[in-house]
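A.B. asks: Listed below, chain by chain, are the residues.
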Amino acid sequence: MVGQYDENLLSDMLPIYYAKLFPQNVFCRWLSCGNYPQPLGNRELSFTLSDDVYLRYLSINNQKELQTLFQKKCPYKLDIGAVYNTKPSIGRHDSIILARELVFDIDLTDYDEVRTCCKEAKVCGKCWKFMVIACEIIHTALRDDFGFQNILWVFSGRRGIHCWVSDHEARTLDSPGRSAIADYMCLITGGENQNKKVNLGNDNLHSSIRRAINIIEKYFKELLEDQEFLSTTERLSTFLKIIPDETLRHQIEKVLDKMPTSSLQRWESFVDIYNNYCKENVTAIRKMKHLIEEIMIQYCYPRLDINVTKGFNHLLKSPFSIHPKTGKVSIVFKPEFARDIKLDEVPTIYTLLDDASPENAQHQTNMRTAVKNFQEVVFSLEKTEALRRKKYGGNSMEF
Amino acid sequence: MDFNIRRKSTRTAISGSLIETYPHDLQMYKVPPTENITLQEFENLALERLTLLRTLATATTLKGLRLYSDEFTDFILSELKNNGLKYYVKLCEKSGCGSLETDLQARRKDHIAHFILRLAYCRTEDLRRWFITRELELFRMRFITMKAEALDAFFKINNLYYTNISDEEKSDIIINLRESTQHQNIEHMKFYKVKFYEVLDLVRSRKVFIKGGYAYIPHKDFISVLTAQYRTHLRQSLAIASQHLKEIEQDERIVCLLKGLHQSYSGNDYSDSKVVVPIESLDSLSLKSFPLCMRQLHEQLRLAHHLKHGGRLQYGLFLKGIGVTLEDSLRFWREEFTKIMEIDKFEKQYAYNVRYNYGKEGSKKNYSPFNCLKIINNNVGPGECHGCPFRHSDSSNLKNKLKGYGFEPQGISDVVDMAKKGHYQIACSKYFDLVHGTSIGLGINHPNQFYEESQKLQKGDIKIEPKKEVKNHSTKVEQTDLEDIDFDENLIKI
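In order, the protein sequence lines correspond to chains G and H. Oh and the first sequence: position 69 is 69 in this note's numbering, straight run, nothing missing. Oh and the second sequence: position 21 is 1021 in this note's numbering, straight run, nothing missing.
Isolated chain G, as found in the complex (with noise of 0.2 Å):
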């Protein structure tokens, strides 16, 4: 088991980790890229320390001061910050965000309203379906809406995920650019006050709410099952006040209440009686033509954590941070591949340095996938980014 790992180890353990596993060169390369037309030592990088000191600020000018500074200080979490227009350390608060990755953060506790299976901390296999369920409605929305190419998706290490788009377009969009396109993918509103948190209107869907309802099908049935959204009293109860019609809610109510308690079971009885209600009731599907889509996203569309994205300064982990409560590595993955992610085989460094652990045959091929992956997107980048140069930047190749 991995959780007998004692977190006092970790500070023996990471120096070792960062020189011999982290992925240092196409780490840098990344940044470096990146960074464009700023040199790597403009940007912010930020270090966690083991009593929970942070310390801001920081920059590299090569990977040699990376491994450096990583065996000087052996931060626990390791934070990516924006491009300055100088060493970060020298501006401060004078200096100037040039750019900065547009960046997504999903976390499941903010599911903590729907889902039924964890709470805070925790997750398993059935929770993380949510992500899956993120990661493929945002990666189709980046890549087919905005024409992002350069995606990079990472494991947050515990309970989330990362999204990191690199297209010189995305780097440089303004705010008011960062925070349209998460108001674009934001679709829950709404606080503890308010039952119904999706409204989308009368009018027809837009086509992306419409890919996204496809995408959510896919798996609705199985998160019904796993979840047992409808199977309580008390989750009924909340789903019942989400139906904005009084009828309509009694009507369902008895129905459901007297039925056996399979959440999918009771979904069906739900769609039979709306549709029957809405055919008899020309007026009422006025008011909720689109019923059965906002509940579908309320229980399952990508809880965003807009400020993150809207945010031109926010720091965020790393790809291959460790993840200091849990030891597990911020990988690398591919989102066509989310679903196959298993909880229990992310690489953590206790595994990865221990030979003798039995998982760790594993968990080093899982490592080296998510290198792999890492520099299949960072070498995308690359190839990218010297195109763009070459088409419009032709005096400014300095370097």
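Hint data in this document are derived by calculation from the structure and do not stem from the laboratory. Treat each hint with caution, since some may be false.
[As the list claims (entries may be wrong)] In the DMTMM-like style, the derived pairs of lysine to aspartate or glutamate whose C-alpha atoms are separated by at most 20 Å in a straight line are: (1) K1195(H) - E169(G); (2) K1109(H) - E1035(H); (3) K1345(H) - E7(G); (4) K1420(H) - E1408(H).
Following the hints, position chain H against chain G.
C.D. replies: Using the frame of chain G, we list chain H on its own:
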């Protein structure tokens, strides 16, 4: 696609004949005026445009009218008529390209006044933001009310040439256009391709089909491209203007006027409090003097011993604004949070934020409490309970909450009705009356204003010790005066 608006070739055109300078009612204000005008005219033009911009602000924030709706435009026009601003009525009602002398004079005044206010509003970030928002509303309203011929002329005059997508390209995506564009008769419209970041407002609200980084828009939606460009242009111009303020301010006659103009509208930002409020009194204050948004945060904090980031920010800054000191604030949050967590965790993860709000960490800015507009437009996510309760609550939840406070049913339904109609600030004003048993119909645009008005009403009921050291005494007195003026202006009749 080339979508650059070329500058008028020379500046001398401005001093040429009026019809050449001002061919169209709607301008993009690219070139500043260069003629000489009297000080009297300078002042009049400035004040008249200020009236116009304030009317726009009143329409949305205090009257709660939906932007660019018919009621909105009607309200603006009737207010302008009441104020005797005929030339603005003319420019706003039916923008065209007539060539009568009155047309030309109206455009000339519009042009000059716009540039005068740029000088008055370039001073601080807040003023710039206010000015840009209003000018954009004005521009958009005038664009929308423009007739078809005038529209074509406008595009021609401003050198806006572009080509539409081919029929094949259009038929490939016609289903998407129908789904994602909110217009009728898509079949008969020509569509144009622009980068998605040129029409961010459409992207944000999902009112445009985007594919591969391009947004597909019909002719009508070009207003989005124009406003985006106009916004960028204004922002840059104001930044440049603020750098040159010193040169202008050498002329004393203008300085007073310019400074007076924006000050008469800036109001108080409540970033410095003149009194000290002990945290022990927060429970009782929250019942009567806190607006509902803060009362519910306070209750949530007492109940769950925790608030999410958005809530801590909104409530923390409010508390600073009413006069809770940093030390008290730290103690207040610590006492609650440590009921569910180790003190160590609080000090490490949360104390920083409290000090940050007071300008003691990070960029060390003295942050001002959020106003209503900001709170209303805030994003409220799952598990959060900040924001404006009149906007971010289901009406049934709002109703239950007010019932729980023991208000009478008629009053409750007045509040809920206003909230339902989207008049959040008016709902808040009704809530104020409900709590105080009054019928003042106060115009509320800041939670701290709610608090101060409530305190004024109950003067003497609650003891407030004056703050010991009051620096910059004179400026503060000035601010208080301004505050009063501002609130009087905001009194509205319902």
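A.B. asks: Work down the list of hints and note, for each, if the structure agrees.
C.D. replies: Hints, verified against the model:
1. K1195(H) - E169(G): holds, 11 Å
2. K1109(H) - E1035(H): Holds, at about 12 Å.
3. K1345(H) - E7(G): Answer holds: K1345(H) to E7(G) is near 17 Å, not above 20 Å.
4. K1420(H) - E1408(H): holds, 18 Å
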